[in-house]
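2 protein chains.
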Amino acid sequence: MSEKTKAHEMAEKQKEISISEFFTKNRHLLGFDNPTRALLMAVKEAVDNSLDACDEASILPELNIEIKKLSEERFIVIVEDNGPGILKANLPNVFGKLLYGSKFHRYRQSRGQQGIGISAVVLYSQLTTGKPIKVISRISEKRPAMYYELHIDTAKNEPKILKENEIEWKKAHGTKIEIELEGRYLKGKQSVDEYIKQVAIVNPHAQITYIDPDKEKINFSRATDKLPKLAEEIKPHPHGLELGTLMSMLAVTKARSVSGFFIGDFSRVGPTTAKEICDKAKVKADISPKTITRDQAEALLKAIKETKISAPSADSLSPIGAELLEKSLRKEFNAEYFVTTTRPAEVYRGFPFIIEAAIAFGGDLPKEEQVKLLRFANRVPLLYQQGACSVTESFTDTNWKPYGLEQKGANFPFGPAVVIVHISSVWVPFTSEAKEAVAHYPEIIKEIKLALQECGRKLGIYIRKHVRASEQRDKVDLFEKYIPELANSLYNLSGESKTKLEENLRKILKKNMKDILGEIEDGGEKDKS
Amino acid sequence: MSEKTKAHEMAEKQKEISISEFFTKNRHLLGFDNPTRALLMAVKEAVDNSLDACDEASILPELNIEIKKLSEERFIVIVEDNGPGILKANLPNVFGKLLYGSKFHRYRQSRGQQGIGISAVVLYSQLTTGKPIKVISRISEKRPAMYYELHIDTAKNEPKILKENEIEWKKAHGTKIEIELEGRYLKGKQSVDEYIKQVAIVNPHAQITYIDPDKEKINFSRATDKLPKLAEEIKPHPHGLELGTLMSMLAVTKARSVSGFFIGDFSRVGPTTAKEICDKAKVKADISPKTITRDQAEALLKAIKETKISAPSADSLSPIGAELLEKSLRKEFNAEYFVTTTRPAEVYRGFPFIIEAAIAFGGDLPKEEQVKLLRFANRVPLLYQQGACSVTESFTDTNWKPYGLEQKGANFPFGPAVVIVHISSVWVPFTSEAKEAVAHYPEIIKEIKLALQECGRKLGIYIRKHVRASEQRDKVDLFEKYIPELANSLYNLSGESKTKLEENLRKILKKNMKDILGEIEDGGEKDKS
Numbered sequence: 001m002s003e004k005t006k007a008h009e010m011a012e013k014q015k016e017i018s019i020s021e022f023f024t025k026n027r028h029l030l031g032f033d034n035p036t037r038a039l040l041m042a043v044k045e046a047v048d049n050s051l052d053a054c055d056e057a058s059i060l061p062e063l064n065i066e067i068k069k070l071s072e073e074r075f076i077v078i079v080e081d082n083g084p085g086i087l088k089a090n091l092p093n094v095f096g097k098l099l100y101g102s103k104f105h106r107y108r109q110s111r112g113q114q115g116i117g118i119s120a121v122v123l124y125s126q127l128t129t130g131k132p133i134k135v136i137s138r139i140s141e142k143r144p145a146m147y148y149e150l151h152i153d154t155a156k157n158e159p160k161i162l163k164e165n166e167i168e169w170k171k172a173h174g175t176k177i178e179i180e181l182e183g184r185y186l187k188g189k190q191s192v193d194e195y196i197k198q199v200a201i202v203n204p205h206a207q208i209t210y211i212d213p214d215k216e217k218i219n220f221s222r223a224t225d226k227l228p229k230l231a232e233e234i235k236p237h238p239h240g241l242e243l244g245t246l247m248s249m250l251a252v253t254k255a256r257s258v259s260g261f262f263i264g265d266f267s268r269v270g271p272t273t274a275k276e277i278c279d280k281a282k283v284k285a286d287i288s289p290k291t292i293t294r295d296q297a298e299a300l301l302k303a304i305k306e307t308k309i310s311a312p313s314a315d316s317l318s319p320i321g322a323e324l325l326e327k328s329l330r331k332e333f334n335a336e337y338f339v340t341t342t343r344p345a346e347v348y349r350g351f352p353f354i355i356e357a358a359i360a361f362g363g364d365l366p367k368e369e370q371v372k373l374l375r376f377a378n379r380v381p382l383l384y385q386q387g388a389c390s391v392t393e394s395f396t397d398t399n400w401k402p403y404g405l406e407q408k409g410a411n412f413p414f415g416p417a418v419v420i421v422h423i424s425s426v427w428v429p430f431t432s433e434a435k436e437a438v439a440h441y442p443e444i445i446k447e448i449k450l451a452l453q454e455c456g457r458k459l460g461i462y463i464r465k466h467v468r469a470s471e472q473r474d475k476v477d478l479f480e481k482y483i484p485e486l487a488n489s490l491y492n493l494s495g496e497s498k499t500k501l502e503e504n505l506r507k508i509l510k511k512n513m514k515d516i517l518g519e520i521e522d523g524g525e526k527d528k529s
Numbered sequence: 001m002s003e004k005t006k007a008h009e010m011a012e013k014q015k016e017i018s019i020s021e022f023f024t025k026n027r028h029l030l031g032f033d034n035p036t037r038a039l040l041m042a043v044k045e046a047v048d049n050s051l052d053a054c055d056e057a058s059i060l061p062e063l064n065i066e067i068k069k070l071s072e073e074r075f076i077v078i079v080e081d082n083g084p085g086i087l088k089a090n091l092p093n094v095f096g097k098l099l100y101g102s103k104f105h106r107y108r109q110s111r112g113q114q115g116i117g118i119s120a121v122v123l124y125s126q127l128t129t130g131k132p133i134k135v136i137s138r139i140s141e142k143r144p145a146m147y148y149e150l151h152i153d154t155a156k157n158e159p160k161i162l163k164e165n166e167i168e169w170k171k172a173h174g175t176k177i178e179i180e181l182e183g184r185y186l187k188g189k190q191s192v193d194e195y196i197k198q199v200a201i202v203n204p205h206a207q208i209t210y211i212d213p214d215k216e217k218i219n220f221s222r223a224t225d226k227l228p229k230l231a232e233e234i235k236p237h238p239h240g241l242e243l244g245t246l247m248s249m250l251a252v253t254k255a256r257s258v259s260g261f262f263i264g265d266f267s268r269v270g271p272t273t274a275k276e277i278c279d280k281a282k283v284k285a286d287i288s289p290k291t292i293t294r295d296q297a298e299a300l301l302k303a304i305k306e307t308k309i310s311a312p313s314a315d316s317l318s319p320i321g322a323e324l325l326e327k328s329l330r331k332e333f334n335a336e337y338f339v340t341t342t343r344p345a346e347v348y349r350g351f352p353f354i355i356e357a358a359i360a361f362g363g364d365l366p367k368e369e370q371v372k373l374l375r376f377a378n379r380v381p382l383l384y385q386q387g388a389c390s391v392t393e394s395f396t397d398t399n400w401k402p403y404g405l406e407q408k409g410a411n412f413p414f415g416p417a418v419v420i421v422h423i424s425s426v427w428v429p430f431t432s433e434a435k436e437a438v439a440h441y442p443e444i445i446k447e448i449k450l451a452l453q454e455c456g457r458k459l460g461i462y463i464r465k466h467v468r469a470s471e472q473r474d475k476v477d478l479f480e481k482y483i484p485e486l487a488n489s490l491y492n493l494s495g496e497s498k499t500k501l502e503e504n505l506r507k508i509l510k511k512n513m514k515d516i517l518g519e520i521e522d523g524g525e526k527d528k529s
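Residue numbers (this note's numbering), protein chains in the order written: chain A, 1 to 529; chain W, 1 to 529.
Source of the hints: derived by calculation from the structure; they are not laboratory data.
One should not assume that every hint holds.
Computed list of lysine-lysine pairs in PhoX-like fashion (alpha-carbon distance at most 25 Å, straight line) [what the hints assert, rightly or not]:
(1) K187/A - K446/W
(2) K4/W - K170/A
(3) K6/A - K134/W
(4) K156/W - K235/A
(5) K408/W - K408/A
(6) K187/W - K160/A
(7) K88/A - K6/W
(8) K160/W - K290/A
(9) K235/A - K25/W
(10) K69/W - K305/A
(11) K4/W - K176/A
(12) K25/W - K446/A
(13) K302/W - K69/A
(14) K134/A - K176/A
(15) K290/W - K156/A
(16) K15/A - K176/W
(17) K305/A - K25/W
(18) K134/A - K13/W
(19) K88/A - K13/W
(20) K68/W - K187/W
(21) K25/A - K302/W
(22) K189/W - K160/A
(23) K160/W - K170/A
(24) K13/A - K176/A
(25) K25/W - K13/A
(26) K290/A - K163/W
Covered, in the sense of this in silico footprint (three residues per stretch, anywhere, with C-beta under 8 Å from a C-beta of chain W), are these stretches of chain A [stated by the list, open to error]:
(27) 8–15
(28) 23–36
We treat Cβ as the ideally placed atom computed from N, Cα and C, and that holds for glycine.
Chain A on its own, in the form it takes in the complex (with noise of 0.2 Å):
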């Protein structure tokens, strides 16, 4: 058995790779794959971080941002918080370990979803500068604020503490972060500067101070004292629900029947539902979970979704709200016509989502440019990978032509429009880790697209009624100006009376408006069916 095979060089190659490793080597799945794009990505995990904290301690945020410029390429993000602190035993987990954190196993909205956001920023601050991380956080005026300065031991993807002690801190609680990283300031649309402001439009209850890194300091101030509607945690919703995801739940639960197990594991199944899906899958309701085989677990899946059951609340969902849409629209573009939507809640693998839209129309906005997409999730605005978005293929895939904007094939129309799309869900699918981009769910771009059609339908109707109409009117009145002269020619010409042919002219472009305005009014329809 000596012989060495080609199998055996190659298995000595083999080895187990580290979480810590992997995103190193891939930081451009974290959104670190150019400077510009890293320095905001440093500002939008803290940020996104702080807005979280504050929420579910039910403190109304106040945000100190600071970036700092050392030089073109290196840069110092601050970010201060008025959030309940971080414990020690758990702060330096928090900063130094990737895949760690309270917001992976639950089902409930937040900024935050995966355990890797801040720690990820920590990485790239050390893979480009070499430097530690700096976090003061305090739980409470009773208790000192504490003082790390810490780096990841990416072998091993475990914190490496430098400093720890106790400071002087004039907060009663909260964070403060000082991150050193290579970075590029750059003004514009996908700029830190833009995500604030973005920030702050869909966080009207947040209060930010910004110091850009000019040090010219900008306030949003706060527009409301009301904390938003606290998101609660649920259950999973049996429906989307997946055969291995069954599996593994009927083996950990606490129930110790079939039927308890579903009341007491999912929302929005009582009795009588538990009772039906046992029944349709031929299981016995009251027989422990653990006995459940491979091939009865696959039979309660198809009685699942061969039962009705009531669609999943929207209690753990915190939506923006149609009226807050429109008036950040309002606030943000000078346009004539405005249009929101909130779609119902929806399920995609048993999570629940929902979908609101908004068109901003006509104005100030520019009339010959492609359709601006305004992209959020969960509250946060998403600036980067556009193109990789089910929303923009959602977008790009609608009909606009029918609703009065210029398109050719599956492309971005153009005309004087803005589109919102706000995606809230107890679990965003984003395409990377980055989360700037919706993953392309059936569910999602069918929520999407009626969303989009609901508002299309209305801007359509609008443009028709009164853009069209009066850009005929235009053409009309420009026409009836020039009759008298019409008519004189035409006298020149044929000795006629002008008065009878001014006349005439009028009855003519009478005639021919009505056949014009008669076309615009079922243009629509015909285009619709």
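Fit chain W to the known structure of chain A by using the hints.
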């Protein structure tokens, strides 16, 4: 100290997340966001592994692929190869553990690179069907073939072996896997059929038999008995290196001096270059790498950036080659003009890469449709996530108008053309674990654009010289045909001699034709400037 703060409550929920749990919840990151794509991913990961194993063992690949349809939503994927086989000790981890493999830690072009692909398929299979993967593998005719059935324990990210025994098998060496999963089989441009066809095109040394779900057998015969040039394993190139990576390398190197470290652990660095780097950084060349501080490492990195170092060797890469690229295009498309280009090797973040591009134009290609873009990475066709790919962005950002194609804004151009882009790299930076789109590194985008522009310029010259000219000539011909009739009409009006009239008309035509053709010759140059 008994006060329970909000931070305490939140801390209770903080916990570690297993990588298998992470990818189960995020299965769209792995490409499993809909059943059609899931079926493709299963075939793709298995085929990529088989071809990589054969290439590495210098075996001409013979692949049997079969998809058995159990129902509209349930399939069995079988992939069998004549590769080197997998050792008993490693096999369970290869299929039952995410982040495990031989390709992650080395610098060499291969299809797989992450240690995730095939175990992700196993994860998805068990999630949707609860069934284990079945594997047969044999490493030599002197040893028995081994049969395995295994699961992944998602909470631990470890393989769970359900069956393990010797088995009779006809092959001397090779691996056969059988996976049951939920899927959907569709024909068309993102189908398994299309994938296998494109694989055969860029792997002309592979013999592939494919039995589709309708039991139709398709043979893709080997076009050459020559193995492609084996990509060699190289050391990283100093350009594009990051501080964190440099610091980690300094900490673990076996070299005893800094200059020895640079010479031994990098490619393209000799004693002169090593000395130059140390001198510029004001670091003594003979001190131990372990003693280098963060600030010294930063100085060394700065010095590396300012030092001229030869471009990386292309030995680690295995591009398709201009000849084969054109051959593939000719095989697939009945076009009238072909142009291909292979750029020199470049580096991003220390990883060498080569961009190849090709265009087929005219002939039977549809005139009124969007130009078709085919993307490849390390000889693997990329069928999904076109919108997320830097290849697509580079393509739409290119101004195709001067090259004779119709284009509105930064959208897909229209015209009778197919464009191919292939990136070969020791580490292709994909935007997600599903490996369907290339991340937006500026160095890569620049090279793709240059390759497209090179092809585009040649296409533009061809279109101006042949296509536009021939269109104009058609018009001239048409006009010439009517000269006698026109002359006759003019004779009736004027009484002038018909011969004289025809002669004059021909003179006018000739004069204008010259103008037209002159304009055609100049047009392109004007556009380019």
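Structure-based check of all given hints:
no.: 1; hint: K187/A - K446/W; verdict: holds (22 Å)
no.: 2; hint: K4/W - K170/A; verdict: holds (21 Å)
no.: 3; hint: K6/A - K134/W; verdict: holds (23 Å)
no.: 4; hint: K156/W - K235/A; verdict: holds (23 Å)
no.: 5; hint: K408/W - K408/A; verdict: holds (9 Å)
no.: 6; hint: K187/W - K160/A; verdict: violated (52 Å)
no.: 7; hint: K88/A - K6/W; verdict: holds (14 Å)
no.: 8; hint: K160/W - K290/A; verdict: holds (18 Å)
no.: 9; hint: K235/A - K25/W; verdict: holds (15 Å)
no.: 10; hint: K69/W - K305/A; verdict: holds (22 Å)
no.: 11; hint: K4/W - K176/A; verdict: holds (21 Å)
no.: 12; hint: K25/W - K446/A; verdict: holds (21 Å)
no.: 13; hint: K302/W - K69/A; verdict: holds (19 Å)
no.: 14; hint: K134/A - K176/A; verdict: holds (8 Å)
no.: 15; hint: K290/W - K156/A; verdict: holds (20 Å)
no.: 16; hint: K15/A - K176/W; verdict: holds (22 Å)
no.: 17; hint: K305/A - K25/W; verdict: holds (20 Å)
no.: 18; hint: K134/A - K13/W; verdict: holds (24 Å)
no.: 19; hint: K88/A - K13/W; verdict: holds (15 Å)
no.: 20; hint: K68/W - K187/W; verdict: holds (15 Å)
no.: 21; hint: K25/A - K302/W; verdict: holds (21 Å)
no.: 22; hint: K189/W - K160/A; verdict: violated (49 Å)
no.: 23; hint: K160/W - K170/A; verdict: violated (53 Å)
no.: 24; hint: K13/A - K176/A; verdict: violated (43 Å)
no.: 25; hint: K25/W - K13/A; verdict: violated (30 Å)
no.: 26; hint: K290/A - K163/W; verdict: holds (22 Å)
no.: 27; hint: 8–15; verdict: holds (count 6)
no.: 28; hint: 23–36; verdict: holds (count 7)
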